[in-house]
Amino acid sequence: MNILNFFEETVQRFPQKTAIAYKEISYSFSDLSHQAKCLAERILQAGQTGKPVGVFVNRGADTAVLFLAVLYSGNYYIPIDPDMPSAKISSILTDAEPSVILCGEENKPVLEEIHYSGTIYTLDDRSSEECPVCESIDVDSPAYMVYTSGSTGKPKGVLKSHGAVISFIMAYSSYFHLGSDEIIGNQTPFFFDASAKDLYLMMYTGATLEVLPSEMFIFPVTLIEYMNERKVSYVCWVPTALAIVTQMNTFKKVLPETLKKVFFVGEVFPTKQLHKWLTTLPDIQYVNLYGSSELAGICCYYEIPDADHQPDILPIGKPLPNCKVLLLRDGVFINPKESIPSEGEDAGIGEICVIGDSLALEYFHDPEKTAKTFTVLTLPDGTKVRALMTGDLARYDAEGNLVFVSRKDFQIKHMGRRIELGEIESVADTLPEIQRCCCLYNEKRKLIHLFCELIPGCDWDGKAVQHAMRGKISDYMLPTRITVLDAMPFNANGKIDRNKLKTML
Amino acid sequence: MEELLEILNDINPDVDYSKEKNLIDGKVYDSFSIITLVSNISEEFDIEIGPEYLVPENFNSAEAMWKMIQKIQEDED
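In the order they appear, the protein sequences are chains A and B.
When we follow the working numbering, the leftmost residue of the first sequence carries the number 1, and every step to the right adds one.
When we follow the working numbering, the leftmost residue of the second sequence carries the number 1, and every step to the right adds one.
There may be inaccurate statements among the hints.
[To be verified] Lysine-lysine pairs mimicking DSS-like chemistry, simulated, CA-CA at most 25 Å apart: (1) 67(B) to 253(A); (2) 71(B) to 19(B); (3) 444(A) to 408(A); (4) 156(A) to 502(A); (5) 71(B) to 253(A); (6) 67(B) to 500(A).
[Said to hold, decoys possible] Label pairs and their computed distance ranges (CB to CB): (7) 6(B) to 275(A): 40 to 48 Å; (8) 474(A) to 74(B): 51 to 59 Å; (9) 120(A) to 19(B): 31 to 39 Å.
[Unchecked claim] Okay, the calculated bits of chain B under chain A, using three or more residues with CB under 8 Å as the criterion: (10) 14-24; (11) 33-43.
Think of the hints as simulated: they come from the structure by calculation, not from any bench.
Every residue, glycine too, gets a C-beta built ideally from N, C-alpha and C.
Kindly generate the complete structure, drawing on both the sequences and the hints.
And the structure:
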């Protein structure tokens, strides 16, 4: 069983239906399969199989053809963002050593600049013949590899198998009743791992994938109008993209008409902006997803009941049916039914470990890191299983939902107590005056330092913020220093730039 | 116009705002800068920039933004 088996079935069922569209360009399922097989034939002529193939990802529908061509050729693809600095592209290519790269004409100058010596194909190089269907791909064969920015600065590759993708997509589509009628509005670029959900949902269910033009996210009125025109019914975006829509007061001008499901993943949804979505569009299903680069898709979900029952801190919820998710603390699994510790006490906090078929195969060429992250755990019943140690800390709430607390790396020891910086942030975030915040620890001076950006018009200083937080949080967790910033610094990924803040401690 | 240029320089000081006519289409600004920009302009000039004004044409140059601000101020009066 491999990804192509189910894609071939989808092509048989819906040959003429639109598979993927971007502005005026679209591919039907049979076009997509045909063009991918013709390009795969060309890759096979370069004589390799089971090897990495780099794919330069440009916004549009062609990327799906390139990814599928790599799969049909029996190889695995590495999505590459062409806008990355050339040094970073070069470091990925040095690490993975793909002997073939698929790209657009516009990407060739970068490859020349970094002296890439392998074979380069564009979509126009496809053969007139389709390749034969490869028989040797099985569940353990690698399907794709994503590079994530490691904490050391050197990008690290995570290799995912056909079986991991199948395990995830079958559980996800059946649990959330996502079928061929769905029209997916894609926001995450195809070089981001989060986009794999959109692509494989289209390939598995026969749903149509509408690639939304990225420039529309700057002025979201046109975006919503476009989504209405294309009848988008389901989106799975990063919260920042959803928050832009409400921050720009878009709903005063236009409302989504066909949208039924709003899923989000990758970061915490700012409470106030989520509330605007929930109150303006109460009939939509809202689901918070939690995953990790080290597995295919996601492993936990939490469905938000309604605006009146929106929790201050959104849980990451319960495991998707294809996996087990447990909390491990000092070698012991935390029982969700045991007493729930009150806020500030750290007794119920453990590291999230995931068990199941959707786990990644390995970190590319890094057995040491692989062994550290993917370990063998002994379950309470004595069975030994392969588990992913996510490095994320969580606890259970009264309903047995997992609640994310912070990254293990953000756990600090302060005055002899274990403190999660993320927990301080989530408490600060419940104050209506705070737009966004970030908490750091000054190791040298032993100070908890909170940086925050306030809502427009709020004239609070650090003292006022501290005063408002008092009583909401245990005294030993109260930030000793609070800096009010005009604007929070962001890094290239659109996340708060912690490194920049560290220089301001 | 002074106040506007101050806001713009805070967001990106490396741009020559007297010449640049392509802030949006030329991808000088992304959605984060626009959110900051819209909120700072609203506050500084005490106006509400409704969604109907949030189109690329109004933000491609300092001059276009200035015209938009004046139009909103006239309409509010």
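(message) With the threshold set at 25 Å, check whether the alpha-carbon distance from residue 71(B) to residue 19(B) stays at or below it.
(response) Holds, because 22 Å separates the two Cα atoms, which is no more than 25 Å.
(message) A range of 51 to 59 Å was offered for this pair. Does it hold for the Cβ distance of residue 474(A) and residue 74(B)?
(response) holds, 53 Å
(message) So if I understand the rule, the pair passes when the alpha-carbon distance is 25 Å or less; does residue 67(B) with residue 500(A) pass?
(response) Violated, because 35 Å separates the two Cα atoms, which is more than 25 Å.
(request) Determine whether the Cβ-Cβ distance between residue 6(B) and residue 275(A) falls within the hinted range of 40 to 48 Å. (result) violated, 32 Å
(message) So if I understand the rule, the pair passes when the alpha-carbon distance is 25 Å or less; does residue 156(A) with residue 502(A) pass?
(response) Given that 25 Å is the threshold and the Cα spacing comes to 24 Å, the pair holds.
(request) Would you mind confirming whether the straight-line C-alpha gap from residue 67(B) to residue 253(A) stays at or under 25 Å? (result) Roughly 21 Å separates the two Cα atoms, so the pair holds.
(message) Hinted pair, alpha-carbon criterion (25 Å max): residue 71(B), residue 253(A). Please report holds or violated.
(response) At roughly 18 Å apart (the allowed maximum being 25 Å), residue 253(A) and residue 71(B) satisfy the hint.
(message) When I compare C-beta atoms, does the region 33-43 of chain B have three or more residues closer than 8 Å to chain A?
(response) With 8 residues in contact (Cβ-Cβ under 8 Å with chain A), the coverage given for the region 33-43 of chain B holds.
(message) I want to verify a distance hint. Is the separation of the beta carbons of residue 120(A) and residue 19(B) within 31 to 39 Å?
(response) Hint holds: Cβ distance 38 Å, inside 31 to 39 Å.
(request) Would you check chain A against the region 14-24 of chain B, counting CB to CB pairs closer than 8 Å, and say if three or more residues qualify? (result) violated (count 1)
(request) For the pair we were handed, residue 444(A) and residue 408(A), check the Cα-Cα distance against 25 Å. (result) holds, 20 Å
Against the hints set out earlier in the document, violations occur for numbers 6, 7, 10.
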